[in-house]
Amino acid sequence: MAKRTIVTDYLARVEGEGAMTVQLDGDRVEHVELRIFEPPRFFEAFLRGRSFREAPDITARICGICPVAYQTSAINAMESLCGVEVPEPIRMLRRLLYCGEWIESHALHVYMLHAPDFLGYESAIELARDAPAAVERGLALKRTGNDLMTLVGGREIHPINVRVGGFYRVPTKPELRELVESLERAREAALDTVRWTAGFEFPERIVDCDLVALEQPDEYAIERGRIRSSAGLDLAPSEYDEHFEELHVERSNALQSQLRGGGTYLCGPLARYSLGSAELSPLAREAAAEVGLGDECRDPFRSIVVRSVELVHACDESLRLIEAYEPPDHPAVQVDPVAGTGYGVSEAPRGLLYHRYRLDADGTILDAKIVPPTSQNQLAIEDDLRDVVARNSRLEDDVLRRLCEQTIRNYDPCISCATHFLDLQVERK
Amino acid sequence: MTRTVVIGIGNPLRGDDAAGVVAAEHLRPRVPEGVEVVSCSEEPSRLMEAWEGADRVLLVDTVASGAAAGTLHRFDAGEEAVPARTFRSSTHAIGIADTIELARALGRLPRRVRVYGIEAGSFETGSSLTPAVESAVAFLVKDVLADLEEERCTSAR
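Residue numbers (the working numbering), protein chains in the order written: chain L, 1 to 429; chain E, 1 to 157.
Keep in mind the hints are simulated off the structure, nothing from the lab. All residues carry an ideal CB built from backbone N, CA and C; glycine is no exception. Possibly wrong hints are sitting among the right ones.
Stated by the list, open to error - Okay, the calculated bits of chain L under chain E, using three or more residues with CB under 8 Å as the criterion:
1) 24–33
2) 240–247
Claimed, not checked - Residues from chain E shown here face chain L by an in silico Cβ test under 8 Å; the list is partial:
3) PRO29
4) SER45
5) GLY107
6) GLU151
What the hints assert, rightly or not - Just the calculated beta-carbon pair ranges, DEER-fashion:
7) E:GLY107 / L:LEU119: 42 to 48 Å
8) L:GLU286 / E:GLU134: 56 to 62 Å
9) L:GLU286 / E:ALA68: 34 to 40 Å
10) L:ASP208 / E:GLU36: 56 to 62 Å
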C-alpha cells in the first residue's frame, strides 16, 4: 500500500500552540504523538523567592480562560499549610466565582471551538451564518460567565479581587441579585444547549482508562475536594505526588503525567461526570436523563453534552449560591505563614489542577509545582488518537485529519496551560 | 441622525497593548458632539453591545503584523473581511477580527466599520507606551478626528 504523509501545520480551535504527528504504514499505525511546542513558561521558577500571598495573582496569568482555577488551587495550598479554613460565605463566593469561569470556558468551548466539528463547519463564524440563534445563545452564555467573574473577581480575565484568606472586597447582596435575571436566562440557554448538542451525530467511542476527579460529599466538586479515581483511589491533595508522576518527553514542552509506575488516566468533564453525576443539581440531572446520558459517560465525543450539562449545573449552582449569600463579616481572614509544604487542588474547566508549594517561615516560596489538567490528559489523548486512527486508517487523508483534530478537541486541551499548541501531521509511509 | 461610536481596545497593563485605550482617552474630549467614545475589552458580546445600533464604528487596537513599531494600519471592514493575520486572535480569546466576522455573520455589524491598528513594539507587563507607539497614537488621534470631521461636513451638506 502506498505510503502517505498528511500534514496540518496548525490545529485551529484549541488554546495554545502544539502539533500532532500520526505515522501510518499502510493501515498500521506506527506512531502517534502530541507535541507541544509553545515555549516553556517557567512559572514555577518565577514563583521562587516570591511571597506566598503573590501565588494566586502570579499563577492566574498562566491562563486567560481558567485563571480562577489557578488562583483557587494556589489559595487552597497556602491556606491548608497555614492551618486556615475560611468562613462559609467566603468559600461560597469562591465557588460562585469558579462557576462564572466554568460558564465562560464551557460556553466558549461548546459553541465556538467544538460544535463546528459536529456540524461540518470550519469555524464558529461559518456556523453563525447558518445558525445565528445558536451562536447568539452561546455568546450570551459566555457573557453571563464573564459578568459573574467581573462582579465577584473584579475583572473578567485574571481577576484581581482574590487573595489568600478570602477577597479584597466582597459583593453586596443587591449587587449579586442583579445577576439573577441573566443567570436564569443562562440556565434556560444551558438547557437548550444540552438538547442541541445531544442531537449531534456521535461516532461510538469509549475510553477505558482510569478517570480521576475531585469528590466532595454532597456537592459536585469544583473548588475543593479529595482526589478520587474510577479504580478506587481516594487521596488527600497531599498524597497526589505519591500516586501520579510527570515525565519529560523530548517532543513536548509540557510534562506528561501518568499514574506512578505507568498507567494513563483522564481528568475533566467525563471524569467528573462519571464519578460524580449523582451530585449534580436536580435540574442538571434531569437534563442529562432527558437526552439519555446515563450515570456515567466515557465517550469523548459526547464530552460536549457533558460540558453542556455542567453548564446547567454551574448556572443552577450560581443561582443557589446567590440566593443563600450572606456577606462575611470580613472580606478575608488573616493568614500567617507557616514553614512547610502546602498542597492544593480544584476542578479547572478542563480537569484536576494540582499545586504544591514549599514555604519558609516568613512565607517565601522556596519551590513550586503546578500540574495542569492538559498535561495530565496528554497520554490519554494520544491513546485515544492512536485507537481512532487504527479504526479509521482507510479513510481518505482529509477526512482522517478532520477526525483526528476533532478527537483532540474533544478534550478541550489548553496547551497554553500545559506550557505549553497544536498543529497536526499525519505521516503515511 | 447617524450614531457613531469610537472604541479603544487594549490592556492598560501590557505596554503598547494599551495604545487603543490611550487613544480613546485622548479622543474623548475632542470628538464632535454626539460621537461616543468607549474603552472595551475584546470580549465579543461586549464589543457587539458597544456598537449596537450604531451606523458607524471606529475601532482602535494594537496589532502585531511584523511591521516597524508605531506603523499605522487602517482597514474598512464594513464590506471586506479584516485581515486576520494582522489582527491575530489571541489563543485564549476571540480576537477583534473574529468578532467582526462573527458579528457580520449574525447581522450585528454596523454598516460602516473602520479599524485602526497601531503596530506594537513591546507587550511588556507594567511598562508604559514605547516612544514610537506614543507618537503613533498622536498621529492616529488626528487621523480619527479628521475622519470624524470629514463625515460631519459630508453629512451637513
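Now the hints, each set against the structure:
Against chain E, the region 24–33 of chain L contributes 0 residues with a C-beta closer than 8 Å to a partner C-beta. That does not satisfy the three-residue criterion, and the hint is violated. Given as covered by chain E, the region 240–247 of chain L fails the check, having 0 residues with a CB less than 8 Å from a CB of that chain where 3 are the minimum. Because the beta carbon of PRO29 of chain E sits about 26 Å from the nearest beta carbon in chain L, more than 8 Å, this interface hint is broken. At a threshold of 8 Å, the smallest CB-CB gap from SER45 of chain E to chain L is about 4 Å, leaving the interface hint in force.
The beta carbon of GLY107 of chain E comes within 7 Å of a beta carbon in chain L, closer than 8 Å, and the hint placing it at the interface holds. Interface restraint check: GLU151 of chain E against chain L, minimum CB-CB distance 29 Å, threshold 8 Å, status violated. At roughly 19 Å, the beta carbons of GLY107 of chain E and LEU119 of chain L sit outside the given window of 42 to 48 Å. A hinted range of 56 to 62 Å for the beta carbons of GLU286 of chain L and GLU134 of chain E is consistent with their spacing of about 57 Å.
At roughly 59 Å, the beta-carbon separation of GLU286 of chain L and ALA68 of chain E lies outside the given 34 to 40 Å, and the hint is violated. In this structure the hint that ASP208 of chain L and GLU36 of chain E lie 56 to 62 Å apart at CB holds, the actual value being about 57 Å.
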